[in-house]
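Protein chains: 2
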Amino acid sequence: MTIVSEFEATPAGGDSAGAGTPPPSGTPAGGEAGTDVTTAVHDVARRAKVAARTLATANRMTKDAALGAVADALVADADRIVAANAEDLERGRANGMTDGLLDRLALTPERIAQIAAALRDVAGLPDPVGEVVRGQTLPNGLRLRQVRVPMGVVGMIYEARPNVTVDAAGLALKSGNAVILRGGSAAASSNSVIVEVMRGALEARGLPADLVQSIDAYGRPGGVALMRARGLVDVLIPRGGADLIQTVVRESLVPVIETGVGNVHVYVDATADVDMAVAIVMNAKTQRVGVCNAAETLLVHEDAAAAFLPVALAALADAGVVLHGDAAALSFAPAGATAVPATDEDWATEYLALELGVRVVPSLDEAIEHIRTWSSGHTEAIVTRDIAAADRFVAEVDSAAVMVNASTRFTDGGELGLGAEIGISTQKLHARGPMGLTELTTTKWVVTGDGHVKP
Amino acid sequence: MTIVSEFEATPAGGDSAGAGTPPPSGTPAGGEAGTDVTTAVHDVARRAKVAARTLATANRMTKDAALGAVADALVADADRIVAANAEDLERGRANGMTDGLLDRLALTPERIAQIAAALRDVAGLPDPVGEVVRGQTLPNGLRLRQVRVPMGVVGMIYEARPNVTVDAAGLALKSGNAVILRGGSAAASSNSVIVEVMRGALEARGLPADLVQSIDAYGRPGGVALMRARGLVDVLIPRGGADLIQTVVRESLVPVIETGVGNVHVYVDATADVDMAVAIVMNAKTQRVGVCNAAETLLVHEDAAAAFLPVALAALADAGVVLHGDAAALSFAPAGATAVPATDEDWATEYLALELGVRVVPSLDEAIEHIRTWSSGHTEAIVTRDIAAADRFVAEVDSAAVMVNASTRFTDGGELGLGAEIGISTQKLHARGPMGLTELTTTKWVVTGDGHVKP
Numbered sequence: 162m163t164i165v166s167e168f169e170a171t172p173a174g175g176d177s178a179g180a181g182t183p184p185p186s187g188t189p190a191g192g193e194a195g196t197d198v199t200t201a202v203h204d205v206a207r208r209a210k211v212a213a214r215t216l217a218t219a220n221r222m223t224k225d226a227a228l229g230a231v232a233d234a235l236v237a238d239a240d241r242i243v244a245a246n247a248e249d250l251e252r253g254r255a256n257g258m259t260d261g262l263l264d265r266l267a268l269t270p271e272r273i274a275q276i277a278a279a280l281r282d283v284a285g286l287p288d289p290v291g292e293v294v295r296g297q298t299l300p301n302g303l304r305l306r307q308v309r310v311p312m313g314v315v316g317m318i319y320e321a322r323p324n325v326t327v328d329a330a331g332l333a334l335k336s337g338n339a340v341i342l343r344g345g346s347a348a349a350s351s352n353s354v355i356v357e358v359m360r361g362a363l364e365a366r367g368l369p370a371d372l373v374q375s376i377d378a379y380g381r382p383g384g385v386a387l388m389r390a391r392g393l394v395d396v397l398i399p400r401g402g403a404d405l406i407q408t409v410v411r412e413s414l415v416p417v418i419e420t421g422v423g424n425v426h427v428y429v430d431a432t433a434d435v436d437m438a439v440a441i442v443m444n445a446k447t448q449r450v451g452v453c454n455a456a457e458t459l460l461v462h463e464d465a466a467a468a469f470l471p472v473a474l475a476a477l478a479d480a481g482v483v484l485h486g487d488a489a490a491l492s493f494a495p496a497g498a499t500a501v502p503a504t505d506e507d508w509a510t511e512y513l514a515l516e517l518g519v520r521v522v523p524s525l526d527e528a529i530e531h532i533r534t535w536s537s538g539h540t541e542a543i544v545t546r547d548i549a550a551a552d553r554f555v556a557e558v559d560s561a562a563v564m565v566n567a568s569t570r571f572t573d574g575g576e577l578g579l580g581a582e583i584g585i586s587t588q589k590l591h592a593r594g595p596m597g598l599t600e601l602t603t604t605k606w607v608v609t610g611d612g613h614v615k616p
Numbered sequence: 162m163t164i165v166s167e168f169e170a171t172p173a174g175g176d177s178a179g180a181g182t183p184p185p186s187g188t189p190a191g192g193e194a195g196t197d198v199t200t201a202v203h204d205v206a207r208r209a210k211v212a213a214r215t216l217a218t219a220n221r222m223t224k225d226a227a228l229g230a231v232a233d234a235l236v237a238d239a240d241r242i243v244a245a246n247a248e249d250l251e252r253g254r255a256n257g258m259t260d261g262l263l264d265r266l267a268l269t270p271e272r273i274a275q276i277a278a279a280l281r282d283v284a285g286l287p288d289p290v291g292e293v294v295r296g297q298t299l300p301n302g303l304r305l306r307q308v309r310v311p312m313g314v315v316g317m318i319y320e321a322r323p324n325v326t327v328d329a330a331g332l333a334l335k336s337g338n339a340v341i342l343r344g345g346s347a348a349a350s351s352n353s354v355i356v357e358v359m360r361g362a363l364e365a366r367g368l369p370a371d372l373v374q375s376i377d378a379y380g381r382p383g384g385v386a387l388m389r390a391r392g393l394v395d396v397l398i399p400r401g402g403a404d405l406i407q408t409v410v411r412e413s414l415v416p417v418i419e420t421g422v423g424n425v426h427v428y429v430d431a432t433a434d435v436d437m438a439v440a441i442v443m444n445a446k447t448q449r450v451g452v453c454n455a456a457e458t459l460l461v462h463e464d465a466a467a468a469f470l471p472v473a474l475a476a477l478a479d480a481g482v483v484l485h486g487d488a489a490a491l492s493f494a495p496a497g498a499t500a501v502p503a504t505d506e507d508w509a510t511e512y513l514a515l516e517l518g519v520r521v522v523p524s525l526d527e528a529i530e531h532i533r534t535w536s537s538g539h540t541e542a543i544v545t546r547d548i549a550a551a552d553r554f555v556a557e558v559d560s561a562a563v564m565v566n567a568s569t570r571f572t573d574g575g576e577l578g579l580g581a582e583i584g585i586s587t588q589k590l591h592a593r594g595p596m597g598l599t600e601l602t603t604t605k606w607v608v609t610g611d612g613h614v615k616p
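Chains as they are written, first to last, in this note's numbering: chain A, 162 to 616; chain B, 162 to 616.
Keep in mind the hints are simulated off the structure, nothing from the lab.
Careful, some of the hints might be misleading.
Simulated pairs of lysine to aspartate or glutamate, EDC-like, Cα-Cα distance not exceeding 16 Å [as the list claims (entries may be wrong)]:
{"hint": "1", "chain 1": "B", "residue 1": "615", "chain 2": "A", "residue 2": "573"}
{"hint": "2", "chain 1": "B", "residue 1": "210", "chain 2": "B", "residue 2": "371"}
{"hint": "3", "chain 1": "B", "residue 1": "615", "chain 2": "A", "residue 2": "292"}
{"hint": "4", "chain 1": "A", "residue 1": "210", "chain 2": "B", "residue 2": "530"}
{"hint": "5", "chain 1": "A", "residue 1": "210", "chain 2": "A", "residue 2": "434"}
{"hint": "6", "chain 1": "B", "residue 1": "210", "chain 2": "A", "residue 2": "576"}
{"hint": "7", "chain 1": "B", "residue 1": "224", "chain 2": "B", "residue 2": "271"}
{"hint": "8", "chain 1": "B", "residue 1": "224", "chain 2": "B", "residue 2": "434"}
{"hint": "9", "chain 1": "A", "residue 1": "210", "chain 2": "B", "residue 2": "282"}
{"hint": "10", "chain 1": "B", "residue 1": "224", "chain 2": "B", "residue 2": "282"}
{"hint": "11", "chain 1": "B", "residue 1": "210", "chain 2": "A", "residue 2": "557"}
{"hint": "12", "chain 1": "B", "residue 1": "224", "chain 2": "B", "residue 2": "364"}
{"hint": "13", "chain 1": "A", "residue 1": "615", "chain 2": "B", "residue 2": "573"}
{"hint": "14", "chain 1": "A", "residue 1": "615", "chain 2": "B", "residue 2": "576"}
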């Protein structure tokens, strides 16, 4: 099943099947949420805004203790969560969900313990709120500081995996924000219980339950209403497939951070060490295939092709990778490889599968030009021994992350030392690359005088 | 005349009257630009993107020399610019433009010299590009740096004043970006010549003229096409009245930074020094009235009212300020003041005129609540001697700038030490408050290994 369609703005009715709650009375028309749903979701946002005030001025100890309490509650209520998850799994099987998706959806007591442990890890991270980003005393004696403060209300629209429900709430709370969650209907039962448990734990710590709210019960029209809640929601982060993200970008009046699509390139330069290049390409393509930082196209300088490609393509073929190559690349494909001629569509495709575009280029310039034409701006890598080539690649490739002699798989908040991530931004505004706690904050100028007026 | 209407997406025909160029062949339908205009404007954006690559890797000396050359060219061509400006002024007079607007539109050799001097000031500012924002070596030896890089292509949609054409281009170029300008039709002749002069100066320095392009010739449909150019334009900054800004926010698929609307409050606390409070309120309201950081509402703690309001309201009335007060406030208005009862509409209004809302509040909490309800999140000030009150006001007022015992007029890039500003952001994403050169950049992660792969 695809999750994406439920976020598409179409004149069809609401999607609340299986949400475990009565369907809301409003019905959408032409992609707009009905009045009742809009009112209800905007009330959710207003409650979030009020709740967020409590957390904005809470100190780190309070927030960390709340995260610990939420983690404890999730573990304590693991049986209830697993039972709700069983409903989702049953519905998924009935709908013909693939084994892979069912596995991503499934929760066990062990997985819940891991999710709780991740929350405790977030509690252990430094608090970005209160950091003085810039500060000075002006010649006229005015004292300035630009201080990091929470965003306020963060909206998340995401797909099936129920761990995102907890991860997103944890990062939002730690950075002082309230969160409004709109998960995929495939995980509706799990998410419903998880949100209930988290809200109960917050309330038990004396914090407003409305710091964490779900609008899953309002189905697709609820998602549309959330996208229209400009002024009530400070930022909307979509996480999921390209169609979901593009729908949110297109429909939202709330500022959006575009995440995730990774048409990722590895370029093997003329001077690359062959063994290093093979290891990096294999890691970038095959270490995990369904992720946004996996390689989708391999570009090879023609001077490196004869030494590198026979070894690399044999290793890739052995790993079951289907090769989509240009003629020069395919001439090095081993017998028995599944190899087909590449088209422009291949260069544009994020396979998220054991498939790889392969192209031989006459120069570094052509490699950069190919990347400019086809990349989604997520991550690109160069393998080279040439300082000048590395410097030019770093300077001229306009992507969120540029790797020199390292696998593209390192573009990840955990790997890059951010501690955790709420997504990987492929846009340039506000955040670029992995987004951690800092990226869930904004700043405020505080200006202190003793009666200063402008002359 | 209002400038705003030409940016509104309506089914009416194109606005190219008086632009001094032939009207484009495409016509808009239902707020969308015609196909021809869209193609033309998107080609402009593509050329900007290519041109921006040259500047992205240019060093500071190259950029500063280019700004100097542009400044020289504007001064050298002052006569041509003044002649074009005379056409705009004549058209403005024929259209019944007010004297105030005519003055803002007018260029003289002296004003052109000031504009050129401001460009040279921008050349003198530090270059944000290349700054290493964060960096470390990870336990596995991977070397990370998050480096500041240009956005790429910046779009500006703005109103009448032709100095914005130069200011925006200067800030964009200094921060390594190409700029696409859409000015108001009232200044079309001036802008056309100014852009031509700037492009010539860049070309004479060996830089691409397409670093600075105007789409004024495409009228309103061109502006709409620019808003639709997602992926070609990296950020769109509207500068002007509330209607213009809201239209861009609503219509744009390109990420927007919302600027400028300032429903600004001054709160005089129970313990305020009366003389200081009067001086700050007078400065905030009357030092310059048509600007976004001028005060629009005065809130007064009831314990300060009897000592403060008679003095303050007399001074305000003397300065010609019309008072919109609640009953308690109006009871302190001097005889002869123009004073009328305030409505909710007053609390919501950014007067940009010699008018002021005045309300007496029973507590700091009520003052904060009033600000939460009515503020546009630009700037608020507290006047107080009480540390606890100042701290609460700073922590709980959710605005881009919060002043303690200082005039709201200091929310300005020049005043706050940013050197120059391209606008004042009232949103939380990417930039908040005055936006200088840094806010016209993004970052890129550069990760260097020696064959690192993810285990």
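Structure-based check of each hint:
Between residue 615 of chain B and residue 573 of chain A the CA atoms are separated by roughly 11 Å; this keeps the pair inside 16 Å, and the hint holds. For the hint linking residue 210 of chain B to residue 371 of chain B, the alpha-carbon distance of about 9 Å falls within 16 Å, and the restraint holds. As the CA atoms of residue 615 of chain B and residue 292 of chain A are separated by approximately 32 Å, the hinted pair breaks the 16 Å bound. A hinted pair counts as satisfied when its Cα atoms are at most 16 Å apart, and residue 210 of chain A with residue 530 of chain B qualifies at roughly 13 Å.
Between residue 210 of chain A and residue 434 of chain A, the direct Cα distance comes to roughly 54 Å. Violation of the 16 Å bound is thereby established for this hinted pair. The suggested pairing of residue 210 of chain B with residue 576 of chain A is violated, with an alpha-carbon distance near 32 Å, which exceeds 16 Å. Among the hinted pairs, residue 224 of chain B with residue 271 of chain B is inconsistent with the structure: their alpha-carbon atoms are about 25 Å apart, more than 16 Å. A hinted pair counts as satisfied when its Cα atoms are at most 16 Å apart, and residue 224 of chain B with residue 434 of chain B does not qualify at roughly 48 Å.
As the CA atoms of residue 210 of chain A and residue 282 of chain B are separated by approximately 42 Å, the hinted pair breaks the 16 Å bound. The hinted pair formed by residue 224 of chain B and residue 282 of chain B meets the criterion: a straight-line CA distance of about 13 Å does not exceed 16 Å. This hinted pair checks out: residue 210 of chain B and residue 557 of chain A have alpha carbons roughly 12 Å apart, not beyond 16 Å. Taken as a hint, the residue 224 of chain B and residue 364 of chain B pair is honoured in the structure, with Cα atoms around 13 Å apart against an allowance of 16 Å.
Proposed proximity of residue 615 of chain A and residue 573 of chain B is supported: the alpha carbons are some 11 Å apart, at most 16 Å. Of the supplied pair hints, the one linking residue 615 of chain A and residue 576 of chain B holds, its CA atoms being roughly 9 Å apart against a limit of 16 Å.
Hint violations for this structure: numbers 3, 5, 6, 7, 8 and 9, all remaining hints satisfied.
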